[in-house]
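J.: Sequence:
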Amino acid sequence: MRSPEPVSRAARLLVLVSLILAPGVLPAQETGAEEGALFLLLPVGAQGVGLGRAMTALATEEAAFWNPAGLAQQSRRTVMVYRGSQLAGDATALSVLLPWERVGTFGASYLLLDIGDQALRDEFGNVLGRISVRNQAALVSYAAAFPGRIYAGINVKLVQFRIACRGQCPDLDTTSSAYAIDAGIQAEPFRRIPLRFGGMIAHAGTEFQVINEEQSDPLPTRVRFAVAYDVLRHLEEDGLALWLTLETEDRARDPGSPSLYTGLNLSAADLFYVRAGYVGGKLDQTNGASVGLGFRIDRFYLNLAKSLTRSAVTGASQPLHVTFGVAF
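Residues in the sequence shown are numbered consecutively from 5, following our numbering.
The hints are simulated quantities; they were obtained by calculation from the structure and are not laboratory data.
Just so we're clear, the structure is a prediction, and the values are computed from it rather than from any experiment.
Treat the hints with caution; some may be incorrect.
Unchecked claim - Across the chosen pairs, the derived CB separations fall in these ranges: (1) Leu239 / Ala149: 23 to 29 Å; (2) Leu162 / Ser79: 38 to 44 Å; (3) Gly120 / Leu162: 20 to 26 Å; (4) Val131 / Ile185: 39 to 45 Å; (5) Ser220 / Arg153: 37 to 43 Å; (6) Val131 / Thr179: 21 to 27 Å; (7) Phe299 / Glu38: 28 to 34 Å; (8) Pro193 / Ala123: 56 to 62 Å.
For glycine and all other residues, C-beta sits at the position ideal for the given N, C-alpha and C.
With these hints in hand, go ahead and build the complete structure from the sequences.
T.: Below you can see the structure in the form of structure tokens.
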């Protein structure tokens, strides 16, 4: 019998492309096949998932992954851990926030999206090795408050795609990187009207190269605008707030296919939260409703969220997203 031959260059390329574009990563909708690092468009944080991604106008501990301007009003040092299963794989995130009085809030965050492992076989079905695919992003954040109740923030981040192989396939190892920034602003222009505005540009940076220079793609740069209003403020109910947020997002390079986000956040004495949201538009792979709960006890807080949509690939319901934080 003829001994198994190494996988040809064409076969290796087919495996690589199939892993990158595998069903369940991002469906081939109008997200733009010409864009790279599409995992940046996936939601990070249970509060954001529960609010249908309508986060650009809100001040929150999760703001490093949404609009960094939302970090400017943080008053306590906080460590946040997020865990959730995305369509593309299992996501884990860590964020550390360090507010400095009269200077601003500094933050450092990390996101890992583990797409999973796949066996690489030769033409006879023998396993040559195992390929693992990982996406990750490291963020450094800064946000500050300015006169007139204006808040601004920026993220500087390293975005990386990595294929690693264990076994007889070392030439399949690939590491591709890009640098990007998120820059955002929020404002509360009226002292007696509970109205917040937010706007930002997300994922603007260098091109993302996966295989070679000819195949480098721009990052999925997006522009977002949002408005939020506390509809219960006029009732003067102590401890109750109901923030309604409306948001739109579109491509920065090729606008014309906006996504729409709507979120409701009911809080009681900043101790208990009930959330609901809805995502709609051509650029999103998880259109539909979502719900969430939040609890805050002293220095600890816990957010839970679940999308009510089903996977377009498997038909299964979406898993739970969890964020746990500690202030100190």
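J.: Given the range 38 to 44 Å, decide if the beta-carbon distance of Leu162 to Ser79 lies inside it.
T.: 29 Å, violated
J.: Between the beta carbons of Val131 and Thr179, is the distance compatible with 21 to 27 Å?
T.: Once the Cβ atoms are compared, 23 Å apart, the range 21 to 27 Å for Thr179 and Val131 holds.
J.: So does Val131 sit 39 to 45 Å from Ile185, Cβ to Cβ?
T.: The hinted range 39 to 45 Å holds for Val131 and Ile185, with Cβ atoms some 42 Å apart.
J.: Could you check the hint for me, namely that Leu239 and Ala149 are 23 to 29 Å apart, CB to CB?
T.: With a Cβ separation near 28 Å, Leu239 and Ala149 satisfy 23 to 29 Å, so the hint holds.
J.: So does Pro193 sit 56 to 62 Å from Ala123, Cβ to Cβ?
T.: 57 Å, holds
J.: 20 to 26 Å was suggested as the range; check whether the CB atoms of Gly120 and Leu162 agree with it.
T.: 22 Å, holds
J.: At the C-beta level, are Ser220 and Arg153 separated by a distance inside 37 to 43 Å?
T.: At 41 Å between Cβs, range holds.
J.: With respect to the beta-carbon atoms only, verify the hint that Phe299 and Glu38 lie 28 to 34 Å apart.
T.: About 42 Å separates the Cβ atoms of Phe299 and Glu38, which means 28 to 34 Å is violated.
The structure fails to meet hints 2, 7 from the earlier list, while all remaining hints are met.
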